[in-house]
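Participant: One-letter residues, chain by chain:
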Amino acid sequence: EAGVTQFPSHSVIEKGQTVTLRCDPISGHDNLYWYRRVMGKEIKFLLHFVKESKQDESGMPNNRFLAERTGGTYSTLKVQPAELEDSGVYFCASSQDSYRVGGYTFGSGTRLTVV
Amino acid sequence: KNQVEQSPQSLIILEGKNCTLQCNYTVSPFSNLRWYKQDTGRGPVSLTIMTFSENTKSNGRYTATLDADTKQSSLHITASQLSDSASYICVVSAKTGANNLFFGTGTRLTVIP
Numbered sequence: 401e402a403g404v405t406q407f408p409s410h411s412v413i414e415k416g417q418t419v420t421l422r423c424d425p426i427s428g429h430d431n432l433y434w435y436r437r438v439m440g441k442e443i444k445f446l447l448h449f450v451k452e453s454k455q456d457e458s459g460m461p462n463n464r465f466l467a468e469r470t471g472g473t474y475s476t477l478k479v480q481p482a483e484l485e486d487s488g489v490y491f492c493a494s495s496q497d498s499y500r501v502g503g504y505t506f507g508s509g510t511r512l513t514v515v
Numbered sequence: 008k009n010q011v012e013q014s015p016q017s018l019i020i021l022e023g024k025n026c027t028l029q030c031n032y033t034v035s036p037f038s039n040l041r042w043y044k045q046d047t048g049r050g051p052v053s054l055t056i057m058t059f060s061e062n063t064k065s066n067g068r069y070t071a072t073l074d075a076d077t078k079q080s081s082l083h084i085t086a087s088q089l090s091d092s093a094s095y096i097c098v099v100s101a102k103t104g105a106n107n108l109f110f111g112t113g114t115r116l117t118v119i120p
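Chains as they are written, first to last, in our numbering: chain V, 401 to 515; chain A, 8 to 120.
For reference, chain A alone in the conformation it holds in the complex:
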């Protein structure tokens, strides 16, 4: 069964600190993995997208890693800012199948001053 699991479910950190969000998946055959940021009341916005051959990808203070062997990904946020408060959703795409996008339930990050 194709599934995407994220942890932790929620996280509170102090402004300026770093944090790492986890994503484990069982989607097969794997095509790519995306991390999205979703602000309250807004739609998800893409942060990174990685294919099978990519181990890491950065977007400013966001760095995503992918281990296709263990089927794990992480999103590391450096020097957090208040504006980083949002839900972060891991989405894994399969190569085949009519509906091939599988979403995690997200990690709710709150950055406090």
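So here's chain V without its partners, still in its complex pose:
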């Protein structure tokens, strides 16, 4: 079984530019989550999709972040325009059940550096 795949693994962009991160969850997993880890801090929740619907986006830092999951398959997270404080590692995870009962599988993350 293929795991959760994230692309790209690394991205270095200039402040003000746009970056789009992609996550391919495990096939059949309805639940998809985005998390972010800023250097020196803990991993924090960004948002949760159930199929193509945003179940919870309370962790999204501001309106420069836009997540989509068209068709309920892969998801994208776009940052526009990027700011220095957006640097960090963005993780995607998927699960078959809701996060209250099931286990998660995490992707390897995308390391975003904004310069």
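The hints are simulated quantities; they were obtained by calculation from the structure and are not laboratory data. There's no promise every hint is true.
Derived SDA-like pairs: lysine to any residue, alpha-carbon spacing no greater than 20 Å straight-line [claimed, not checked]:
1) V:Lys444 - A:Tyr69
2) A:Lys78 - V:Asp456
3) V:Lys441 - A:Thr33
4) V:Lys444 - A:Lys64
5) A:Lys64 - V:Glu442
6) V:Lys441 - A:Gln16
7) V:Lys441 - A:Arg49
8) A:Lys102 - V:Asp456
9) V:Lys444 - A:Pro120
10) V:Lys441 - A:Ser14
11) V:Lys441 - A:Ser94
12) A:Lys8 - V:Gly503
13) V:Lys478 - A:Gln79
14) V:Lys441 - V:Ser458
15) V:Lys478 - A:Lys8
16) V:Lys441 - A:Pro15
17) V:Lys454 - V:Met439
18) A:Lys8 - A:Lys64
19) V:Lys454 - V:Lys415
20) A:Lys102 - V:Ser458
21) A:Lys78 - A:Arg49
22) V:Lys451 - A:Gln79
23) A:Lys102 - V:Gly428
24) V:Lys441 - A:Ile119
25) V:Lys441 - A:Lys64
26) V:Lys441 - A:Lys102
Got chain V; can you put chain A on it based on the hints?
Facilitator: Same frame as chain V, but now just chain A:
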């Protein structure tokens, strides 16, 4: 405030030695506690998951304990190997709330020959 605190922040041990990592939490109402291992450049991988009624759970050389009364957990690694070098993250799940996963900052373990 729901928080998860881990100690130590980093640890260096000799190959073959044992070590214990600590996790204290204030998450309520408690649902379960998970320990994850995160290798450099990889995503977190689940080691153990424990619910309120479970005091201990093992996964090979990894043994996790949970004291739900004191809200403490530990991860014990026996006969460490070089491949154990990684970050170990404690994650506590609450029963309610829209965003109910709370992560610790992790313990960075380095095993040296």
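Participant: For every hint, state whether the structure bears it out.
Facilitator: How the hints compare with the structure:
no.: 1; hint: V:Lys444 - A:Tyr69; in the structure: 25 Å, violated
no.: 2; hint: A:Lys78 - V:Asp456; in the structure: 27 Å, violated
no.: 3; hint: V:Lys441 - A:Thr33; in the structure: 18 Å, holds
no.: 4; hint: V:Lys444 - A:Lys64; in the structure: 26 Å, violated
no.: 5; hint: A:Lys64 - V:Glu442; in the structure: 24 Å, violated
no.: 6; hint: V:Lys441 - A:Gln16; in the structure: 12 Å, holds
no.: 7; hint: V:Lys441 - A:Arg49; in the structure: 17 Å, holds
no.: 8; hint: A:Lys102 - V:Asp456; in the structure: 16 Å, holds
no.: 9; hint: V:Lys444 - A:Pro120; in the structure: 34 Å, violated
no.: 10; hint: V:Lys441 - A:Ser14; in the structure: 14 Å, holds
no.: 11; hint: V:Lys441 - A:Ser94; in the structure: 13 Å, holds
no.: 12; hint: A:Lys8 - V:Gly503; in the structure: 24 Å, violated
no.: 13; hint: V:Lys478 - A:Gln79; in the structure: 38 Å, violated
no.: 14; hint: V:Lys441 - V:Ser458; in the structure: 18 Å, holds
no.: 15; hint: V:Lys478 - A:Lys8; in the structure: 30 Å, violated
no.: 16; hint: V:Lys441 - A:Pro15; in the structure: 15 Å, holds
no.: 17; hint: V:Lys454 - V:Met439; in the structure: 27 Å, violated
no.: 18; hint: A:Lys8 - A:Lys64; in the structure: 27 Å, violated
no.: 19; hint: V:Lys454 - V:Lys415; in the structure: 28 Å, violated
no.: 20; hint: A:Lys102 - V:Ser458; in the structure: 17 Å, holds
no.: 21; hint: A:Lys78 - A:Arg49; in the structure: 29 Å, violated
no.: 22; hint: V:Lys451 - A:Gln79; in the structure: 35 Å, violated
no.: 23; hint: A:Lys102 - V:Gly428; in the structure: 25 Å, violated
no.: 24; hint: V:Lys441 - A:Ile119; in the structure: 26 Å, violated
no.: 25; hint: V:Lys441 - A:Lys64; in the structure: 27 Å, violated
no.: 26; hint: V:Lys441 - A:Lys102; in the structure: 24 Å, violated
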